[in-house]
Amino acid sequence: MGLCANERVKTTMLSPAELGAAEAACGRILAGGADEAARQRASFFRGLMRFLQVVQKGAAQAAKNDGSVAYKPPSLAEVRPALQDVQVAIDAEGPLKGEALSLRVTINQTIGRPGDARADVEQAMKAAPQDATPFVQRALEHQRTGDVGAALADLDRAVELDPAAATALWARGDLLRRLGQLDRARADLAAVSALGPPLASIALTHKSELELRAGNLQAAYDDLIAASRAGADTPKAEASSARAALLVRAGDLALDKLKEPDVAEKHFRDASRLDPKNLSVALGLARVEERRGQRDKAIAIYKRILASTKSTPRLYERILASFRLKELTRPPRRDASSLFRSGLDAGIAVGSGSPDGLRRVAFVIGEGDYDQLTSLPNARRDAAVMASALAEMGFDVVEVAENLGKAELRKVPAVIAERAAEADVALVFYAGHGVETAGRNYLIPVDASPGSDQELDSDALALADLVAAAGKARRGALVIVDACRNDPFVEARAVAVSRGTGRRAPAVPERLRSGLAATPVAAPNNVVFHSTQPGQTALDGDGLESPFLRALLETLSKPGHPLDAVVRETSAQVSQRTNGQQLPASYGNAPAIALLPPAARR
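First residue of the sequence shown? That's 36 in this note's numbering, and the numbers climb one at a time after it.
No false leads were mixed into what you were given.
Lysine-lysine pairs mimicking DSSO-like chemistry, simulated, CA-CA at most 27 Å apart:
1. 338 - 361
2. 332 - 361
3. 312 - 361
4. 441 - 507
5. 332 - 292
6. 338 - 312
7. 441 - 292
8. 294 - 361
9. 332 - 301
10. 312 - 92
11. 301 - 312
12. 161 - 132
13. 301 - 338
14. 312 - 332
15. 361 - 345
16. 507 - 446
17. 345 - 332
18. 292 - 312
19. 332 - 294
20. 345 - 312
21. 292 - 361
22. 338 - 294
By construction, these hints were calculated from the structure, which means they are not laboratory data.
Build the full structure now, drawing on both the sequences and the hints.
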């Protein structure tokens, strides 16, 4: 039974060969004359090994041109053999009934059958009342429906049953962070890291984010370094890539927050040795040279990035390198009196216009450097990359605005409405914080205060106003919103408490506000594209960019691609990149004319 019932699989990522060998060993036991207890154990472990092999197969698809891996969630047909084994283990009388039910919960959650998962959770609790796992699984279901009180109660019960349950501590720490209970979240994440693999590294990474948002820069840096050293029981290539990504993040923090370019350079070079193809490393080294005033060295690095990425014109790192190169070789003009800067003023070379003769204008907004809310370092970079991509696609006018305060952000619709009315097509891209309240979506200025969510009508920009302004274009409009994150005000109030500002510690809300609501689009020929579904949160990504923007850039790389195809393919790629955790949403109907420029005639 030893090879079949490999308990290491619960804490270690076994290789495909080990999983296959364990599955075969379980098969031999089931083919023999084992008693019921042995058959239950063999069925459970074979089902587990079969499921893990399917998951690994989906994660190990061929790398794309940009070096990323698109995860493919398994289908019901692919996991059916595993489910059949698990059913045998559930039907048998023995000690593994509860574990088998919990495994089936995981499988059903993975393939998108939440109803079946919920039913199994209740059965698992009855079969194994002292097992923490079903409480963690039910808590995740409560979080999906927004019932944070019930979720927290289940996680508390899971930790009470097993104080060393890493998954329970991790899930509770992450939820407490989102609820603004920073001290409790910090303690849970630290406890997870002390337990070691497999969750130590990710717990330290999230603790680093917590410390960074609380203003504890050195602690945030120390946690990232500890995460890079924690390691995990994963294949060597994956471990090297993951460690390189953490070192890049540590380098970015050292450069941007701690103002230590020498330390940053060391981390970037260490990351390069671990993952030589990681373009984020090259971008980091170029930024180090920029910080040191070594303009020529930075230019040389950006040129090398462009030379090595000719086959991937819409690759995020390539577009960002091109943008930085333009800024260094042709310093942009700065007009502080204007909300928007033209593409030329922002270092973006605007193209020669659309081949079909329609006048297309684009307005790109990046809100990243928040004064008191969580900063979003990706937002301004994403805005610059998107503006560059739109200019190269053939938009006649591309205008960029960054880090707008309350008074400025609320003036944006009037500016856009006036200029969109003179165009056939208007496109607006927004990256930054956004929240929903009473079914209305608001975009948040960089000078918002922790308590200003009570004054959204006067202190923020209603997304509906932005959509209406873009809709003034003669033939159609597209508004792209990458703003569906966790409620930034909850965390900001918690940070204010931690800094001794006299504010009361935030109470646990009944429901956690996250994501945006669906956007009603009344005007014909207008489309609004959200980075995720209503009430859900979008991911910032582990590297430079949001998964949504990277997928969007790839689909926009096909000239003349119909808008519905862009939406459909972008959504599929985001779902793959986030293991099904994020799925974009679109509202409205595409007009007969192309909102995006068609391919140039040859």
